[in-house]
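Order-wise, the sequence lines are chains A and B. Using the working numbering, the first residue of the first sequence is number 1, and each one after it goes up by one. Using the working numbering, the first residue of the second sequence is number 1, and each one after it goes up by one.
Please keep in mind that the hints were generated in silico from the structure rather than gathered at the bench. The structure presented is a predicted model; accordingly, all values stated were derived computationally and were not measured. A hint or two may mislead.
Below are the SDA-like pairs computed for lysine to any residue, each with C-alpha atoms no more than 20 Å apart in a straight line [what the hints assert, rightly or not]:
#1 A:K108 with B:S35
#2 B:K19 with A:M109
#3 A:K108 with B:S27
#4 A:K108 with B:V36
#5 B:K2 with B:Q55
#6 B:K10 with A:T154
#7 B:K19 with A:H110
#8 B:K19 with A:G182
#9 A:K108 with B:L14
#10 A:K108 with B:G12
#11 A:K108 with B:R26
#12 B:K19 with A:G144
#13 B:K10 with A:E153
#14 B:K10 with A:M109
#15 A:K108 with B:G23
#16 B:K10 with A:D152
#17 A:K108 with B:D15
#18 A:K108 with B:K19
#19 B:K10 with A:S107
#20 A:K108 with B:V71
#21 A:K108 with B:P16
#22 A:K108 with B:I21
#23 B:K10 with A:L58
#24 B:K10 with B:V70
#25 A:K108 with B:G39
#26 A:K108 with B:E22
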Amino acid sequence: MNAAIILFPGSNREGDVARAIRQVSGRAPAIVWHAEHALPAGTDLVVLPGGFAYGDYLRCGAIAGRAAIMDAVRAHAARGGHVLGICNGFQILCEAGLLPGVLMRNSKMHFVCRMQHLRVERTDTAFASAYARHQVIKVAIAHGEGNYTADDETYARLEAEGRVAFRYCDASGNVGAANPNGSASDIAGIYSDKLNVLGLMPHPENLIDPLVGGTEGRGMFESLVHAATLVDA
Amino acid sequence: MKARVTVTLKTGILDPQGKAIEGALRSLGIEGVASVRQGKVFDVEVETTDRTRAQTLLEQACDRLLANTVVENYRVELI
Chain A
1 MNAAIILFPG
11 SNREGDVARA
21 IRQVSGRAPA
31 IVWHAEHALP
41 AGTDLVVLPG
51 GFAYGDYLRC
61 GAIAGRAAIM
71 DAVRAHAARG
81 GHVLGICNGF
91 QILCEAGLLP
101 GVLMRNSKMH
111 FVCRMQHLRV
121 ERTDTAFASA
131 YARHQVIKVA
141 IAHGEGNYTA
151 DDETYARLEA
161 EGRVAFRYCD
171 ASGNVGAANP
181 NGSASDIAGI
191 YSDKLNVLGL
201 MPHPENLIDP
211 LVGGTEGRGM
221 FESLVHAATL
231 VDA
Chain B
1 MKARVTVTLK
11 TGILDPQGKA
21 IEGALRSLGI
31 EGVASVRQGK
41 VFDVEVETTD
51 RTRAQTLLEQ
61 ACDRLLANTV
71 VENYRVELI
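Bound-form chain A, shown alone (with noise of 0.2 Å):
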């Protein structure tokens, strides 16, 4: 799989990412800088790591979600490629148009860090085959902005498409029982309307070694790395 990382000023998640594309694909990714206008010939993936890019002025993602990579983002997805936003890249996926609806400050306006378990919502997409539908994951979150707010209109729409990649649950999977954030449904990461991009706030790269308290991380690796096999062949 070619897997091409965007770095914008302020990214801080970058390295994470690598280290888990490298481990789970055998292949480093490419570093590709904001400024630049083009994607590496060949890349299969795009990610837009987390962090705090330009320290989130204005609005988080917004400054971001605006550089001069992301026409080539978009080009990107508007091919059908894959584009995965984690955390800050998920904001940056809202304020380019991506994604819909936004993120907005956590309800109790607390910054979370901690683990947090996720429901798996659906499996037939290029980022979740990996997974069971409905498995419990354990992942890390870290964000003070991961309140998903949409118009009434696409919070229907996303639900009738399947379109809710993952809802915040307890270790059962009890949805609406663990939301870190207020996010409306329990929301914790969306695709678009062809699946083949995805928002979500929670760190799947930062679980992939048993070192570091769990491996339910390498699932969205692995089923992008084999979804870059069907693709290729």
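Once you have looked at the hints, place chain B on chain A.
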């Protein structure tokens, strides 16, 4: 020409920062504040002296960057 752009949250959008400020005012003993909503103000200088063009330009700036119209409203005032 000078202009002021005000960006505020739409009605019904939760504003935890406004709520926190509301609570802080109460704890300072400032009575009579029913509610607080926090917004942003941008003081912008535009090169043109044509008011219609300035208005159009600033609305474009708001739609494309200054406001996220999913959750925010904006108001442009030419001064």
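Self-check item: Hint check against the structure, violated hint numbers in rising order
Solution: Going through the list in order, the structure violates no hint and respects every one.
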